[in-house]
Each structure stands twice: as C-alpha cells, then as structure tokens.
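K.L.:
Okay, here's what each chain looks like letter by letter:
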Amino acid sequence: MRHLINPLDFSVEEIDQLLDLADDIEHNLPRYAHVCDGKKIATLFYEPSTRTRLSFESAMLSLGGSVLGFSSADSSSAAKGESVADTIRIISCYADICAMRHPKEGAPLVAAMHSGIPVINAGDGGHQHPTQTLTDLMTIRALKGRLSDMTIGLCGDLKFGRTVHSLINAMVRYPGIRFVLISPPELRVPGYIRKDVLQANHIDYKEVSNLDEAMPELDILYMTRIQRERFFNEEEYIRLKDSYILDTAKMNLAREDMFVLHPLPRVNEISVEVDKDPRAAYFRQVQYGVYVRMALIMTLLEVEKPC
Amino acid sequence: MLNISGLNEGIVLDHIQAGKSLDIYHHLGLDKLECQVAIIKNARSNKMGRKDIIKIEGPMENLNLDVLGYIDHNITVNIIQNEKIVEKKKLKLPKKITNVIHCKNPRCIISIEQELPDVFYLADEATQTYRCLYCEEKYGAKRH
Chain A
0 MRHLINPLDF
10 SVEEIDQLLD
20 LADDIEHNLP
30 RYAHVCDGKK
40 IATLFYEPST
50 RTRLSFESAM
60 LSLGGSVLGF
70 SSADSSSAAK
80 GESVADTIRI
90 ISCYADICAM
100 RHPKEGAPLV
110 AAMHSGIPVI
120 NAGDGGHQHP
130 TQTLTDLMTI
140 RALKGRLSDM
150 TIGLCGDLKF
160 GRTVHSLINA
170 MVRYPGIRFV
180 LISPPELRVP
190 GYIRKDVLQA
200 NHIDYKEVSN
210 LDEAMPELDI
220 LYMTRIQRER
230 FFNEEEYIRL
240 KDSYILDTAK
250 MNLAREDMFV
260 LHPLPRVNEI
270 SVEVDKDPRA
280 AYFRQVQYGV
290 YVRMALIMTL
300 LEVEKPC
Chain B
7 MLNISGLNEG
17 IVLDHIQAGK
27 SLDIYHHLGL
37 DKLECQVAII
47 KNARSNKMGR
57 KDIIKIEGPM
67 ENLNLDVLGY
77 IDHNITVNII
87 QNEKIVEKKK
97 LKLPKKITNV
107 IHCKNPRCII
117 SIEQELPDVF
127 YLADEATQTY
137 RCLYCEEKYG
147 AKRH
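Protein chains in written order, with this note's numbering: chain A, 0 to 306; chain B, 7 to 150.
If you're looking for bench data, these hints aren't it; they were derived computationally from the structure.
Check the hints yourself; a few may be wrong.
[Said to hold, decoys possible] Calculated pairs, DSS-like style, for lysine-lysine (alpha carbon to alpha carbon, straight line, at most 25 Å):
#, chain 1, residue 1, chain 2, residue 2
1, B, LYS144, A, LYS194
2, B, LYS144, A, LYS158
3, B, LYS110, A, LYS194
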C-alpha cells in the first residue's frame, strides 16, 4: 500500500506514468466514469479548504466512487481530543482511501503510519501540498508538451510559499530547467532551497526583484499570493502585497508561448484583465488538478486503467 | 593522578569531550542503574588535552550506542571482560534517533500529540544535520 505525503515520494518515472494516466483521463473522461464504483474517499479536512476538498470529491465522483468526511476540526473527533492515529484507524474502517488536510506539519505522515488505507496529504500547514505540485506539473506538461528545458519564473512570496518550494524541488529533477526567482528582498526563497536544492543540483537560477525585466525570458510564470496570515506585522503586509501585480502591460512583455500559472486563490496579484489572455492558464490549472487527482486515486487504489 | 580502580567486567567510555560526561550519564539513563558508575572529569589526555571518562560496572547489553553516536561519535567504547579490553566499538552518526532531542517547531504535529515518539533522521552527514521525521524542521548543527 502506498501513500502520497511528500511530492518527492514518487520518482520521475512514476510521475510520468501518473501524468500519462491523467492525460488519458482528460481526453477520454467518459471511459473512467465507473472505474471506482463502490469505492469511497474520506476527505479529512481539519482546516477549511473548499477548493482542494471539492477537487478531491469531484475527482472521486467522476470515477464513480463516493465521498464522506468533514471540513473542519470542529466537526471531527479532534475537537474531543482524539489523536490523528486513532482517527485514521477508525476512518480505515469506513473508506478505501483518504485525503487529509491538517494545520500541523507532519499530521498526514502520522496518519499514514497508522492507516489501513492509502493516505494523500492534502496540505499540512506550511509544509507540503503534493497534489498541488502534481497539478502544477501536469499543467506545465500539458501546455508546453514537456517538463524539461525551460525557464520558470516564480513570483511573489517565495519565502513562505510552500507551493513554490515544492515546485522547485520537483522541477530540479528534470534536465535543462532554469529559474528566475522574482520577489521583494524580504520574501526571497529560504536559504535551504537556495543551497540544498538549487546549488546542490547545479541549477541555473537568478534572484531578481523586478517582474518587468524578467518577463521576456520566461516560458512559465508562476504567480503566488502574498498571504496575510504569514505576516506578523500588518504594516509590512500592506507594504508588500501590491509589489507584483501582473497586468496587461506586463503580459505584453512576455513571449507568445509563455503561460501564467497560479495555485489560487488570487487576491489582486493578477489583474482580472489578464484573465482573457490565452496565456492565462490558472483556471485550466484547476481542471488539470481534478484530472491528476483522479489519476492519483486510481494509482493508489491500484485500479486498472479501462480497456 | 586520581586513581579509580579497574573494571573486572563492564564498559569504559573514553575520549568524551571534557564537560560532556554528565549529559551522557543522563542520556544513557545511567542514573537509573544500580551498578557502580565512575565519572572522571577533566582527565589529562595527550590527544584532547582534557577529556571525560565514564566507567560502568557489569554487563551492558542494552547500551544505546545510537544516543552515544549522536552526542559524540568520537567517543571510544571499550568493552571490558576479565579486566581486559576485549572489544573497541566504533561509533557512527545514527541514521535515526528516537526521544533524544525534541522538535521545537510549534507547527509540528508533535506539539499537540505528545505521545508521538520524537524521531529525527540524519538528513546530511557532512553537516551532521538532523531533521524531524514529521515536519522536517532542522535541529541545527548539533550539540548539547
């Protein structure tokens, strides 16, 4: 039995297989409508995340399975003081697979250690969010036709943004990847990403603070929100949140075949006028998220691909 | 020089960094043993200048070498039988240590589920970096 706790739990080959399956699902959706008939996914969300939870539920329903679960710690036995280990032992009797989001880092790993069913980490605090990374990989591969040989711009909160850290970790495994890290000096990537990931893998990267100058060289621009909850200081949040707003003028500096991704939700870092630009791919990214979660559920449940 | 009698059977932990013997005494749970334990502090050493030594009387089958390896892998472990050294154990940095150090990350699951074992794994041997199994927070360049 396998779990998905960390984006690097799957090898490059396994990710290729998963993305191949997700790609087939995208193009032959009706064929997958009953492959999980009779199977149940439990969505154990100890903190609210409507988007991710609904994506998992939509994925399972599209495979013919059903869903159960809770969407906040208040409505779970955690409110009574039940441990994660005990909860997962109980849920293992109710469902065939589970997706867990928890505010504490490492909670899904603890669940996996005590679980009788596959556990998917649906986000553990600021630590890991592997299905977002898979979504990002699928989106890049679907749009560019490859996961190698490209320049990826990462813009916004690169210090606290876990999606950014996970994406860097995942992309350095492919050849010919170059990063342009665009952020205010206060929100640069942490030292361990620079040293242990980028430098250790001899990755070509540069850190800049001007989005306009970076635009022409990018194949992918990955925008992130500067999250209010990551700041201790409201004044600092207000000072930095509008630093990098993507608008039509900036899009005009970009290549024709560049694509904009965003893990969503956005606040104002991408102007709504950009939405109609064909290179704005963040809503398609949400749809790819469902396909890749369908592929993941099938893979972890060891469901055969339909003939 | 201070004279401590030799051991007939037991273990001598030699080349302990001066001043660290009491940490080791507690980490190994030697305070809970009934047997004789001698702690020698600031012994003269050609190699180290000063060193600590711990002598433990009797067989010690359950000595946790992983803890010792984590605290200081340069310590020499001499096994004594019939007043002679019959084995010198080499210590290595352990791949995993359990309930020796505590994760201080307030966002870690262990901060609310305290019955979980505190497990750290060796993430980088060169820098002797250990990370929490659950949240991967770095414990930092070791030492007590």
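K.L.:
Hint by hint, which ones does this structure get wrong, listed from lowest number up?
P.N.:
Of the numbered hints, all hold.
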